[in-house]
Amino acid sequence: MNPPTIALLTDFGTKDAYVGMMKGVISTMNPDAKVLDITHHIRPQQVAEAAFVLWSAYRYFPEKTIFVNVVDPTVGSKRKIIVVKTPHHTFIAPDNGLLDLILAENEVYHAVSVTNPQFFLKHISPTFHGRDIFAPVAAHLSTGIAPAAMGNNTNLQHRHTSFVSVEKSGIHKGKVIYIDHFGNLITNIRIAKPFLITTQFLDYDFDSLKRTYSDVDKGQPLCLIGSSGLLEIAVRDGNAKDFFGVKDGIGLELEISVN
Amino acid sequence: MNPPTIALLTDFGTKDAYVGMMKGVISTMNPDAKVLDITHHIRPQQVAEAAFVLWSAYRYFPEKTIFVNVVDPTVGSKRKIIVVKTPHHTFIAPDNGLLDLILAENEVYHAVSVTNPQFFLKHISPTFHGRDIFAPVAAHLSTGIAPAAMGNNTNLQHRHTSFVSVEKSGIHKGKVIYIDHFGNLITNIRIAKPFLITTQFLDYDFDSLKRTYSDVDKGQPLCLIGSSGLLEIAVRDGNAKDFFGVKDGIGLELEISVN
Amino acid sequence: MNPPTIALLTDFGTKDAYVGMMKGVISTMNPDAKVLDITHHIRPQQVAEAAFVLWSAYRYFPEKTIFVNVVDPTVGSKRKIIVVKTPHHTFIAPDNGLLDLILAENEVYHAVSVTNPQFFLKHISPTFHGRDIFAPVAAHLSTGIAPAAMGNNTNLQHRHTSFVSVEKSGIHKGKVIYIDHFGNLITNIRIAKPFLITTQFLDYDFDSLKRTYSDVDKGQPLCLIGSSGLLEIAVRDGNAKDFFGVKDGIGLELEISVN
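Chains as they are written, first to last, in the numbering used here: chain A, 151 to 409; chain B, 151 to 409; chain C, 151 to 409.
To be clear, the hints were calculated from the coordinates, so they are not data collected in a lab. Careful, some of the hints might be misleading.
Same chains, same names: a pair is fine if it fits in one copy or spans any two.
Each computed BS3-like pair below joins lysine-lysine, with the alpha-carbon atoms no more than 27 angstroms apart [stated by the list, open to error]:
{"#": "1", "residue 1": "165", "residue 2": "360"}
{"#": "2", "residue 1": "230", "residue 2": "360"}
{"#": "3", "residue 1": "165", "residue 2": "272"}
{"#": "4", "residue 1": "397", "residue 2": "165"}
{"#": "5", "residue 1": "397", "residue 2": "368"}
{"#": "6", "residue 1": "360", "residue 2": "318"}
{"#": "7", "residue 1": "214", "residue 2": "165"}
From just these sequences and the hints, can you work out the full model?
Below, the structure written as structure tokens:
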């Protein structure tokens with residue numbers, strides 16, 4: 151039988167021992183669990199960024215993966231920690247919107263508010279539930295304990311997703327929702343099938359969608375459908391964030407015209 | 151039986167292949183060992199920082215974990231490499247103070263100076279003992295070879311720890327010893343039980359200890375007991391290092407008054 | 151039997167979920183594979199840097215390791231993806247020079263151009279072959295499928311390596327090819343046996359090779375043979391890149407005189 155997989159997503163960075171401690175706790179409680187990192191470099195307290203990164207990645211993980219998501223600005227307050235079981239996976243997160251994009255496209259089998267201290271570490275620091283609650287709960291789930299044991303059923307708020315699905319011609323507005331390591335500007339415009347599309351971003355006009363970076367000359371910007379199916383602005387062998395002189399960039403608007 | 155666990159702590163960063171090579175060596179010599187990272191982002195040559203990070207993390211790792219610690223400014227000189235066996239763990243480190251905080255709170259079963267080249271790689275680079283000595287020694291220990299085989303017993307110098315234990319009322323002085331990824335300023339003041347405490351740091355007065363970040367308004371600074379049991383100065387949804395305009399920050403003093 | 155090992159080298163960074171997705175794909179297709187990271191911090195699109203880092207590391211990995219190398223500026227174009235089997239390892243990379251240093255010192259058993267979509271993910275993004283082609287191909291290879299199944303044999307171009315092998319006296323010229331996390335300047339001068347060597351770099355003269363950092367005083371620069379056997383310029387307890395005020399530094403020339 152395959153080992154249970156636990157995937158971690160946090161804003162803890164890798165400079166401190168925080169992630170190492172979580173892995174130590176999981177390994178202590180279930181040595182058979184396989185732990186994979188999604189990333190630990192979500193910008194501190196940026197829940198929406200975490201929601202996007204989790205959404206972009208989760209479908210590539212094994213069936214039954216337990217996703218542990220800790221971007222938790224109100225750690226230690228009365229905010230809930232939820233365990234959500236969907237047909238293919240299990241998700242643990244603070245109830246702060248981090249799972250919104252997952253909930254928008256997955257049926258929920260169970261949703262539980264985690265309250266049973268039997269599954270926590272004995273001493274709970276009010277500022278590090280990642281180590282003291284999330285990690286041990288994930289380890290217990292990975293041994294086969296049902297979410298129902300962790301607490302009572304809870305209702306989930308279904309919030310709207312931020313994707314703009316482009317399915318017919320006309321003018322559509324969107325915005326930048328994420329900038330990756332390469333400086334690619336990833337937008338909330340989801341394009342289901344290939345269209346003839348022109349894009350206006352800042353004072354730049356793109357007269358078509360390209361397929362890949364090398365469809366333009368080195369150093370030139372382009373518009374393409376990125377690896378998550380979202381419209382993306384990039385620069386071949388370069389960095390679109392720098393090219394456009396963007397500082398933060400999240401929220402910058404763009405307009406596309408579909409013929 | 152559980153796989154043996156090896157935990158790594160270095161100042162090697164993750165930009166180069168140095169950590170990868172250590173894992174390659176361990177995996178070659180003992181494919182069954184499970185390797186976990188504590189961190190590789192100790193600032194170059196900062197032994198005291200490594201000592202703190204190791205201390206903050208080690209108790210969360212499985213029984214019998216072998217901790218490999220390589221922050222080693224005098225690599226290749228006559229400084230010793232030591233293996234220390236405590237009731238629950240084994241530690242390998244240069245004999246440069248990196249284990250001081252561990253030695254202060256653990257009984258030592260054996261302490262050995264590593265000298266037996268039978269357990270090293272064949273070719274030893276004078277500048278990369280992490281790959282050529284620490285990793286293979288850890289791999290051999292993880293197969294069950296006793297530390298005694300690695301060299302002769304050695305005496306350990308017990309140095310004073312840097313924690314200020316606060317157990318009664320009065321004025322106590324401490325200092326910042328570590329700044330984490332979130333900009334939290336972690337001090338050497340260890341608070342055993344809850345007191346009414348006021349804190350003076352730079353020109354700021356904190357009139358009480360808070361429990362967690364969300365006990366103050368967004369952007370406001372606070373004083374709390376952090377997840378390692380040490381007094382910590384933080385900013386809710388912000389960065390205390392930036393808030394206080396601190397450049398390095400290690401060594402900055404603070405004064406607490408306990409009623 | 152030992153688990154198959156897959157080692158990853160990319161320029162993806164660790165901020166996004168890109169590396170996590172690759173590990174998710176591998177883990178889905180072959181849960182028994184052990185995945186090790188070499189690094190994901192090759193500077194974006196720097197193929198020569200990737201070639202050097204891979205070369206410096208590969209010999210320390212287990213027999214039969216499958217090395218997955220994704221620094222791929224022309225992803226999605228007609229550039230080939232190759233699988234190369236050598237006596238001890240298997241390498242997957244774009245056919246862009248990334249394997250040059252490996253090919254210069256290893257016999258090639260098979261070299262295949264990867265074209266068989268049966269071993270890819272079903273949907274291929276033109277911009278993320280790491281996830282959609284490299285990772286599933288590696289996973290399939292790790293289950294024992296032969297490279298020959300992946301596509302047709304291909305001819306490899308043997309390009310010259312950039313090392314200057316110093317085997318006799320005289321004047322030799324070289325250059326900086328890599329700068330590591332510590333600011334050490336690593337050159338392409340490979341020194342087989344110890345010589346009396348003087349080095350001229352920028353306006354600095356080194357009158358001898360040192361053995362290790364602590365052979366000079368703190369803060370002083372030195373010349374030594376680094377852990378990969380290449381001449382290296384370093385600063386004890388410091389950073390040579392900063393010491394010499396080097397901005398990029400790759401390509402800076404030096405001259406050595408061997409007596």
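Verification of the supplied hints:
no., hint, verdict
1, 165 with 360, "between (38 angstroms within a copy, 25 angstroms between copies)"
2, 230 with 360, "between (44 angstroms within a copy, 20 angstroms between copies)"
3, 165 with 272, "within (26 angstroms within a copy, 32 angstroms between copies)"
4, 397 with 165, "both (24 angstroms within a copy, 17 angstroms between copies)"
5, 397 with 368, "both (23 angstroms within a copy, 23 angstroms between copies)"
6, 360 with 318, "within (19 angstroms within a copy, 54 angstroms between copies)"
7, 214 with 165, "between (30 angstroms within a copy, 24 angstroms between copies)"
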